[in-house]
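Trainee: In case you want the letters, here they are:
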Amino acid sequence: MTPAAVASVDQDIPRKSFVALAWRRFLRHHLAIIGALIVVVLVLMAVLAPWLAPRDPNRVDIMSAREGPSKEHVLGCDVVGRDVLSRLIYGTRVSLSVGLVAVAIGVLIGTLLGCLAGYFGGWADMIISRLIDAVLSFPPLMLILVIVGLLGPRLFNIMLVLGLLGWPQVARIVRGQILAVREEQYVLSSRAVGAGSRRIILTDVLPNIMSPIIVDSTFGVARAILIEAGLSFLGMGVQPPTASWGNMLNDAQSLSILESMSWMWVPPGLMIFLATISINFVGDGLRDALDPKLN
Amino acid sequence: MEPASVLSVRGLTTVFKTDLGVVRAVDKLDLEIPARATLGIVGESGCGKSTVGLSIMKLIPSPPGRISGGEIYFENRDLLRLNNRAMRRIRGRRISMIFQEPMTSLNPVRRVGETIIEVISLHYGLPRKEARRKAIEALESIRIPEPEIRINDYPHEMSGGMRQRIMIALAICCKPELVIADEPTTALDVTIQAQILSLLDQIQKETGTAIVLITHDLGVIAENADQVAVMYAGQLVEYADTFSLFQEPLHPYTQGLMLSVPRPGGGGKKKHRLNVIPGSVPNLLRIAPGCRFAQRCPEAVEKCYQKEPALIPQSGGRTVRCWRYA
Amino acid sequence: MTTYIIRRLLIAIPVLLLITMIMYGILNLAPGEPTDMLIGQQALAPEEVEKIRVRLGLNQPVYVRYAKWLGQVVQGNLGYSFMDSQPVVNRLVERLGPSFTLMLFVVIVSYTVAVPIGVISAIRQYSWIDYLATALAFCGVSFPNFFSGLVGIYIFSLVLNWLPTGGLETIGQGFSFADRFYHLLLPGLVLAFREVGVLVRYTRSSMLDVVRQDYIRTARAGGLSEWRVIFGHGLRNALLPLITMLGLTIPRLFAGVVIIEQIFQWPGMGRLAIEAILSRDYPVLMGLTLCTAVIVLLGNLVADILYGVADPRIRLSRGAK
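Protein chains in written order, with the working numbering: chain G, 1 to 295; chain Y, 296 to 621; chain A, 622 to 942.
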């Protein structure tokens with residue numbers, strides 16, 4: 001073999017980008033793949049709800065109240081005769097949208113405040129850090145209950161409150177990264193021009209915060225779904241007639257329903273579980289894929 | 296005449312599974328470690344020298360890594376065939392190891408003497424008081440002042456140099472036949488480096504322990520090693536006694552290394568540019584046929600790209616893996 | 622060490638104030654007032670309502686009322702409940718016990734179960750134990766606790782009839798430990814299920830981190846047996862983060878307790894919170910906020926102190942954090 005040929009053999013080794021490597025690692029997580037598939041199914045369910053649901057989820061039919069599974073109502077009816085299966089399918093919309101919007105709000109606020117704290121330091125940093133501590137020390141459910149209880153259980157309020165509870169974690173990540181980069185800036189020569197430094201922060205900070213924020217957001221969606229379900233269960237979340245998996249479980253607080261009409265409460269409970277666990281699997285897979293510690 | 300060997304490595308192959316494929320960090324390595332002397336193993340990062348040390352101790356982390364072939368003879372037994380219990384009796388007692396990072400190699404929540412006492416107690420079967428006394432002796436031999444007090448310190452209360460001395464104390468406390476020192480001074484200041492190396496030298500004179508000194512620093516080799524093994528891309532490429540190696544390096548890679556050492560003031564009137572071996576270490580995932588150094592070798596000929604040279608014996612107990620000396 | 626504690630306490634106070642301020646502000650931003658309930662219930666004339674408003678101090682601006690409230694708190698007076706005019710302190714005290722018992726039970730059970738499982742899971746990574754433990758942990762974390770509660774009641778109360786469906790004790794029966802314990806079991810285990818999930822994963826990851834450290838390799842190089850290496854050298858380091866975790870557990874438990882107490886009719890602070898919210902009982906809500914915030918901050922402080930004691934790097938360095 002001539003030298004030239006040897007040289008080209010070496011060049012043959014493929015160089016994989018970060019994303020490609022991360023994707024490969026993700027694919028090795030069987031649970032994460034299953035989770036992702038389930039999430040896709042759930043999203044489809046939410047989007048295609050009007051075509052998938054056999055009946056109008058809000059249609060009350062006293063004649064069929066409390067009826068068990070039958071040919072017309074595959075999963076039976078609830079206490080006022082609404083079709084459980086249809087409500088189940090429409091409930092997907094509520095849960096997923098709450099999760100996504102709540103997380104989006106949290107990321108937005110968190111990134112903003114984190115940037116302020118990290119970039120300006122001093123007073124801004126102190127105040128925002130204390131604020132972070134305060135929010136994190138709050139028993140979250142209490143805050144939610146109070147706000148929602150007082151402002152009214154509208155869907156947007158719930159999303160807002162959940163977002164307000166989620167921003168500290170994001171803010172911490174963003175702030176930490178900005179501070180880390182600033183340290184380096186002082187070491188770098190002062191050729192870092194004013195406007196240039198803003199750009200450097202964008203190119204240095206942004207890629208490094210993407211991974212932890214993505215992972216945190218994924219888990220955040222799962223958390224939001226659980227909290228919304230809990231709120232609706234207590235009657236302080238999404239109100240009937242709108243179907244939410246949580247408020248479907250509300251009826252089961254009566255022992256008689258709990259005991260003998262399991263079709264009313266078991267399916268929504270399982271759906272919450274399914275959605276949460278799939279998202280958690282995906283989050284776990286993402287975490288291992290994006291932040292490779294040889295585990 | 297060859298010196299007697301305390302340990303013989305024959306055909307050692309150690310591999311690592313990575314995201315991109317299987318890497319042969321050490322490839323059919325043959326090495327004799329002479330008794331009562333210091334063998335230096337030198338090479339650049341990634342050449343496999345640390346892996347050799349870990350392989351001898353059988354401390355290769357087992358999910359990604361694996362010793363896939365060869366034999367390691369110590370006291371007439373093949374270490375690679377020993378079961379865990381037998382190997383544990385050897386580790387720390389007959390063969391021990393010093394690691395590179397004294398900062399992280401000591402347990403932060405334990406007092407410094409604890410681990411030494413534990414090892415002594417285990418290998419000698421002594422009760423705690425006896426073991427403690429022996430541990431203090433070990434600290435004394437490392438020239439640690441006030442050993443009875445220092446033995447109760449925590450690692451974070453000590454400087455880097457002190458911590459490395461503790462590591463050495465741990466390594467020699469049971470008077471092993473062989474000590475493997477993996478870059479023992481790389482993480483330390485230059486002045487401390489000298490102290491640590493002279494300490495190792497002293498220990499060798501006092502106890503007759505064989506030492507394997509793994510380093511990338513030729514200066515360290517020149518000062519402290521009796522024999523030198525040069526490694527490249529997982530293989531041994533040259534073996535000689537230190538004086539001969541420095542006086543007349545045979546392998547082109549060794550020659551390149553020697554020339555790359557910056558010399559203050561240049562050599563006389565001419566100033567030279569820092570010599571750099573062009574190219575980079577070959578990718579161990581796809582090993583091309585022929586000599587591994589051929590691509591970067593200024594003296595390579597056609598044959599070098601076609602057939603991999605074996606270790607060719609030279610006079611004076613030297614060997615070199617290069618067709619030029621066949 | 623003492624300076625460290627004092628410093629932490631000093632930082633905690635502004636945080637506490639901030640929390641109470643936020644809470645007070647929120648409560649007062651809400652549309653509607655406590656007196657609305659009274660109007661609705663008792664159909665009082667406007668002058669009567671106004672008199673009550675003045676009596677309750679509702680006619681003054683927010684910050685004045687906050688300052689007054691704060692002043693009272695510092696003197697130990699948390700005000701009177703709007704619902705029944707009882708001192709808030711009394712209500713809190715009588716509800717603190719049951720919640721505390723529940724949470725203590727959960728902490729003990731969950732740590733005792735989760736830590737060994739997490740450690741074994743890490744040591745035998747990728748074995749069937751590890752997969753089982755991970756699956757269990759995921760389930761625990763993903764099951765909505767009210768659903769587990771309902772399922773628990775269904776299986777253990779209604780079907781098997783082993784445990785009661787709720788309440789602190791069987792009415793009519795005198796005080797008996799066994800009875801109380803039976804009542805504690807189901808809500809406690811339901812809450813613990815989730816905690817175990819969280820802790821198993823945390824312990825596992827902490828242990829995995831530790832096992833990769835250099836000093837573990839040093840211990841092995843000395844010839845120590847795998848047992849000694851992992852349990853003697855590794856475990857203590859792995860347990861340190863769990864102490865910090867204790868501080869994070871408390872707020873999480875508070876959240877869980879609210880729902881569980883509702884399902885199981887457990888007369889604790891969680892139920893009190895819901896009652897107070899429904900009846901807009903501001904003094905009680907402020908009292909609750911203060912109380913829970915104090916407990917959370919204290920819990921964190923205690924956890925930090927314990928950590929400082931356990932980790933010699935902190936214990937022995939002067940001018941710690």
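Because the hints were derived from the structure by calculation, they are not lab data. Just so it is clear, the structure is predicted and the values come from calculations on it, not from any experiment. Hints are not guaranteed to be accurate.
[To be verified] Facing chain Y, according to a computed beta carbon distance under 8 Å, are these residues of chain A, among others:
#1 R745
#2 S846
#3 R857
[Stated by the list, open to error] To give an idea of the interface, some chain A residues facing chain G are shown, with a C-beta separation under 10 Å as derived from the structure:
#4 I626
#5 I627
#6 L631
#7 F767
[As the list claims (entries may be wrong)] Estimated spans, in silico, between C-beta atoms of each pair:
#8 M553(Y) - Y752(A): 52 to 58 Å
#9 L554(Y) - D291(G): 26 to 32 Å
#10 K598(Y) - I34(G): 41 to 47 Å
#11 L899(A) - D56(G): 42 to 48 Å
#12 R936(A) - T481(Y): 53 to 59 Å
#13 V43(G) - D373(Y): 54 to 60 Å
#14 D705(A) - V43(G): 15 to 21 Å
#15 I34(G) - G514(Y): 53 to 59 Å
#16 Y752(A) - D291(G): 17 to 23 Å
#17 L725(A) - D512(Y): 56 to 62 Å
#18 M210(G) - T502(Y): 53 to 59 Å
#19 G306(Y) - I34(G): 42 to 48 Å
#20 N378(Y) - T722(A): 48 to 54 Å
#21 S254(G) - L725(A): 38 to 44 Å
Think of the CB as a built atom: it goes at the ideal place given N, C-alpha and C, for glycine as much as any other residue.
Trainee: All hints are to be evaluated individually against the structure, with a verdict given for each.
Mentor: Hints and how they fare:
{"no.": "1", "hint": "R745", "in the structure": "13 Å, violated"}
{"no.": "2", "hint": "S846", "in the structure": "6 Å, holds"}
{"no.": "3", "hint": "R857", "in the structure": "5 Å, holds"}
{"no.": "4", "hint": "I626", "in the structure": "17 Å, violated"}
{"no.": "5", "hint": "I627", "in the structure": "18 Å, violated"}
{"no.": "6", "hint": "L631", "in the structure": "12 Å, violated"}
{"no.": "7", "hint": "F767", "in the structure": "5 Å, holds"}
{"no.": "8", "hint": "M553(Y) - Y752(A): 52 to 58 Å", "in the structure": "54 Å, holds"}
{"no.": "9", "hint": "L554(Y) - D291(G): 26 to 32 Å", "in the structure": "42 Å, violated"}
{"no.": "10", "hint": "K598(Y) - I34(G): 41 to 47 Å", "in the structure": "55 Å, violated"}
{"no.": "11", "hint": "L899(A) - D56(G): 42 to 48 Å", "in the structure": "31 Å, violated"}
{"no.": "12", "hint": "R936(A) - T481(Y): 53 to 59 Å", "in the structure": "31 Å, violated"}
{"no.": "13", "hint": "V43(G) - D373(Y): 54 to 60 Å", "in the structure": "59 Å, holds"}
{"no.": "14", "hint": "D705(A) - V43(G): 15 to 21 Å", "in the structure": "49 Å, violated"}
{"no.": "15", "hint": "I34(G) - G514(Y): 53 to 59 Å", "in the structure": "56 Å, holds"}
{"no.": "16", "hint": "Y752(A) - D291(G): 17 to 23 Å", "in the structure": "22 Å, holds"}
{"no.": "17", "hint": "L725(A) - D512(Y): 56 to 62 Å", "in the structure": "59 Å, holds"}
{"no.": "18", "hint": "M210(G) - T502(Y): 53 to 59 Å", "in the structure": "55 Å, holds"}
{"no.": "19", "hint": "G306(Y) - I34(G): 42 to 48 Å", "in the structure": "44 Å, holds"}
{"no.": "20", "hint": "N378(Y) - T722(A): 48 to 54 Å", "in the structure": "52 Å, holds"}
{"no.": "21", "hint": "S254(G) - L725(A): 38 to 44 Å", "in the structure": "31 Å, violated"}
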